[in-house]
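K.L.:
Between the sequences and the hints, there should be enough to build the whole structure, so can you do that?
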Amino acid sequence: MEKVLVQNKMYAAPGEYTAADLLAVAAAREVNNDEVVFAGTGLPVLAVMLAAQTTAPDCKVIYEAGTIGSRSTSLPSSVGDPRCVEGCSIASGLLDVFDQLQRGRVDLAFLGGAEIDQYGNVNTTVVGDYLNPDMRFPGSGGNNDINSLAKRTVFIMVQEKRRFKEEVDYLTSPGWRVRQWPSGEWMHRREAYGKKFLGGPSAVISNMAVYRFDEETGRMYVDTLHPGITEEILQENTGFTLDFSRCRGETLPPTHAELDILYEVVDPEGIFLPKK
Amino acid sequence: MEKVLVQNKMYAAPGEYTAADLLAVAAAREVNNDEVVFAGTGLPVLAVMLAAQTTAPDCKVIYEAGTIGSRSTSLPSSVGDPRCVEGCSIASGLLDVFDQLQRGRVDLAFLGGAEIDQYGNVNTTVVGDYLNPDMRFPGSGGNNDINSLAKRTVFIMVQEKRRFKEEVDYLTSPGWRVRQWPSGEWMHRREAYGKKFLGGPSAVISNMAVYRFDEETGRMYVDTLHPGITEEILQENTGFTLDFSRCRGETLPPTHAELDILYEVVDPEGIFLPKK
Amino acid sequence: MRDKRYSLKEAVQMIQDGSMITFSGFTIWRRPMAAIYEMLRQEKRNLHLIEVNSGTHTEMLMGAGAVSIWESCWNGHELYGKVPYCMDRKIKSGEIIVEDYSHQHILYRMQAGAAGVPYLPTWASRGTDILNPEYDMLGKAGLRDGKNPRIPFQKFGYAPDPFYNEGEIILVPAARPDVCIIHAQQVGEEGTVRVMGQTFSDEQAAKAADKVIVIAEEIVPESYLREDPDRNLLPSYIVDAIVEAPWGAHPTGMYGCYDVDGAFISDFATASKTESGTQDWLDEWVYGVGSHEEYLDKLNVSRLMNLRTNSFYKYSTRAKRGSN
Amino acid sequence: MRDKRYSLKEAVQMIQDGSMITFSGFTIWRRPMAAIYEMLRQEKRNLHLIEVNSGTHTEMLMGAGAVSIWESCWNGHELYGKVPYCMDRKIKSGEIIVEDYSHQHILYRMQAGAAGVPYLPTWASRGTDILNPEYDMLGKAGLRDGKNPRIPFQKFGYAPDPFYNEGEIILVPAARPDVCIIHAQQVGEEGTVRVMGQTFSDEQAAKAADKVIVIAEEIVPESYLREDPDRNLLPSYIVDAIVEAPWGAHPTGMYGCYDVDGAFISDFATASKTESGTQDWLDEWVYGVGSHEEYLDKLNVSRLMNLRTNSFYKYSTRAKRGSN
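One line per chain: the protein sequences are A, B, C and D, in this order. Note that my numbering numbers the first sequence so that position 114 is 114, with each residue one more than the last. Note that my numbering numbers the second sequence so that position 235 is 235, with each residue one more than the last. Note that my numbering numbers the third sequence so that position 25 is 25, with each residue one more than the last. Note that my numbering numbers the fourth sequence so that position 43 is 43, with each residue one more than the last.
Careful, some of the hints might be misleading.
Result set (DSS-like, lysine-lysine): computed pairs, CA atoms no more than 25 Å apart in a straight line [to be verified]:
1) LYS92/D / LYS275/B
2) LYS320/C / LYS165/A
3) LYS165/B / LYS9/D
4) LYS196/B / LYS140/C
5) LYS92/D / LYS165/B
6) LYS147/D / LYS195/A
7) LYS92/C / LYS82/C
8) LYS196/B / LYS9/B
9) LYS275/A / LYS320/C
10) LYS211/D / LYS82/D
11) LYS147/D / LYS196/A
Okay, the calculated beta carbon distance ranges per label pair [stated by the list, open to error]:
12) LYS151/B / GLU95/D: 16 to 26 Å
13) LYS9/A / GLU284/C: 52 to 62 Å
14) ASN148/C / GLY94/D: 31 to 41 Å
Simulated from the structure, these hints should not be mistaken for laboratory data. We put the CB at the ideal spot given by N, CA and C, even for glycine.
P.N.:
Put into structure tokens, the structure is as follows:
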């Protein structure tokens, strides 16, 4: 199934790639070689498969349903897919991978969410009051655990005002400033986790920008704007006041080589990336 | 490897069997059909293999190193032996079998020990003061756990005055009257275990007698004397005063069929039962 | 040996209304769908589901009105439907009590049940609303009074670490289901279960339950499975009933047998957006179908042949998955 | 990928004096003996052993004076020697601190370490001297002061069950070894481990440790092991070093490879009754032997061929075991 592609490392021009392409590519670039990476269903899978083909050939991919070190040649549609098993080091079950996660073995996790606040707290559970909801979402799944226990987490999100919120309706997955129970007190993640502090959200990649976090204040700031996105456009699509003070400029677009790998090797069937 | 034997159900006469034969046979008779039986290395393995060939063909044998439902045709020399794996339902590991034990799934366990007291407390750890020992033995192994969590336990012991003691030097494995820690108070097993009370020692089979327990007082009493053993002989070989009030008479000797199975099918190599 | 073979109907008849139930599989993979459909046909009611995660099968049970309590961490159809509409409606109507945990929590709840301990400790989910005591829904409903021995007195506990001074750790209560229904590739006639590929949380779920029902693609001789016992998942003695039902996990997928039927799940997910759509779908595919065999015939052969997995890859190389 | 192959000597050089160590196997089965012998030749000292159970390898390490702390539940040679004479002597001379647990305790200690939690709860061993606080030997030695981060502040803890009111449960602290040495049938060149037959507590021991060294009968292509990944025990990424050493578990036995060499173990067990006997035995079989290959040659071919297992039975049908 592996194809040899001409490696064209020139950046693609606007119009030559979609927002989803840029998301996947930007996410893949977060992976360092040799890292242990935990990936959820969807764009995260695209990102790790792309990373394995480009900058991080030695990364070890853990899928939460129970595979470690997958070398899939066919894109898994979900982490329970038999395609995750192909070429993996071990196919076991959740207990195995969640124990290893809690043991502190995961360097990087890719996750998604429905809502996020400026501290990186994520909601995947409910819109509206939990006790009287407007809309029920699937729930935490492993989002919460993985984000609690990985050293770095990268969230891949859709940029909308109603999704980038001052306060999330339900705090499913912990950011840098969290509510410690049973007391209910808000505190810095470092304080809440104490000796079991392993890290936290490292970046948020939306279809408009890349964000990072100031670990001291716990606040999100804009790192790069995607090509064509202005500070004004981004602020309009965000429910809290953005910090542009550390913005480094434009997000690097995909290279032609990355796009070729995405479309010809990673997702030739067009499961997540329908051909234009 | 299975041999068809003529089933001679006549009892053997004294001199036609050894003390070890009687131990194994008496132990095998404790197994009810369809029970889940946990067996340790040595005579317990002989006993369950004999039971599976006679009165309890549907018993499920668990060996603590990690096999369930063994159908060994070659006698395992220890519970870690590959012979335990033959024909078993699952070969896994200790976590699997000890979890199931603690879940309350084990009906009967066969165990041994170096010392026992009248409450069925067993010592497999040390002779003398634990802090200044005369002789160190192997230690608990799973003896303690299995005896804590099986519904019935049968101990197979050598009858000697120094082994059947008023008080064991170290309480490795819990009988009917135990010391509850951290307080150190002596109490009935039922009280010590509370809601997690599953049962306790059900019989002790020595080379001279079969003992059972009064579950209310927690005291051992003599159930049957092996052929040729008198009350006097037994008391001489016991370090505490024996209760003969419920003695039912003589232990039934092995049948010729049982002996044939022991020597021809279970242990033809003479590992535990050298040929006379 | 007791004969453990039952018809699908008989096996499902062992499940009582009001029971606490769990299942094999993960989201839309290796779910005991044939048993789920039969549960619906037998009109099971007031089920208390406790699942490491849920999926299409759960939405069907909820849509049919079979569920009164759900303890889990996730519900949906993966790629084929992001919103659990049936659950959404039943929450709003107050017909279902929903108790949210995280994946690690509910997994450890099963493992605690499997190991016979009342709880396990975990670091997962600190600082989140999953631990918010205001959201203890079984507590709010007054069901943590000990009357139902399968509902613990608390949703969570907390305890300091006395060994390494790592601070206060979270305790999750054991899950103690009445019944676990497993779909596996193979089961022996005495009950030994072999699962190929990922085993998800099947081992924990089965061992936590008091009764285990196994539906398998094929019943094979025990002796065959016992030749390689290090490849088996569950020992025979904990299995109470076995049923042979080929394609019995459809529309969910399973390693080495068949892929997910995404179009089928999408159809259900779309229909489930409304109460009447759900009913129509159930009428057509469940109540209007007398048996598992009728269901397979209604699906037809060519549909199934597209889903059948390739022997080397263990997934289908024929199923159309994307838009290309 | 980083090359994980090392010579036996290099791999054992990774182990520091004073380290906390654990091993694969069960009593006299699948112990990493080649590595044990090499540890003795390299004169490792002050080792802190933490083992689900011990065996001949432990007696050898103790007899050679390599061990200062032992936390486990059992030590001996099974059928081939009931008394752990080396441990007995070292306890009496005060050279070893012995901390007794039960099988379930120490197994759960490993599992807690593997899962990254500070402890696990268990019901095992209520009412016994294993819980007697007078017998907390590391505590008595003043070693529970937190200076060594691998020694917990307490030997045991107790906590009430807040979920089902089942009473006070016993807590056992996580085991956090520096190094786990595994002997397996097969390892891939990147480190994926396959163990056949019973896996004992290898999975928990390896995952609890910070560093994992795998000695295997054979190093095979990763791709071969990855064709059936549901048969593998450990993922490659947690393995730090791999060594090929055929017959490397001798005199202990292993499924599908070779049986226990009972006569060899008996000889050691008998020699171990005295300090000088132990030294003589070690001189002959360890210090006087330069390498694993020399050791095998000294054993000779016919001895090994008698131990070699039958491909069908997975145990030897040639080894003389009993007296008939």
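K.L.:
With reference to the structure, classify each hint as holding or not holding.
P.N.:
Here is how each hint holds up against the structure:
no.	hint	verdict
1	LYS92/D / LYS275/B	39 Å, violated
2	LYS320/C / LYS165/A	38 Å, violated
3	LYS165/B / LYS9/D	50 Å, violated
4	LYS196/B / LYS140/C	29 Å, violated
5	LYS92/D / LYS165/B	24 Å, holds
6	LYS147/D / LYS195/A	16 Å, holds
7	LYS92/C / LYS82/C	18 Å, holds
8	LYS196/B / LYS9/B	41 Å, violated
9	LYS275/A / LYS320/C	15 Å, holds
10	LYS211/D / LYS82/D	32 Å, violated
11	LYS147/D / LYS196/A	19 Å, holds
12	LYS151/B / GLU95/D: 16 to 26 Å	42 Å, violated
13	LYS9/A / GLU284/C: 52 to 62 Å	53 Å, holds
14	ASN148/C / GLY94/D: 31 to 41 Å	56 Å, violated
Checked against the numbered hints above, the structure violates hints 1, 2, 3, 4, 8, 10, 12 and 14; every other hint is satisfied.
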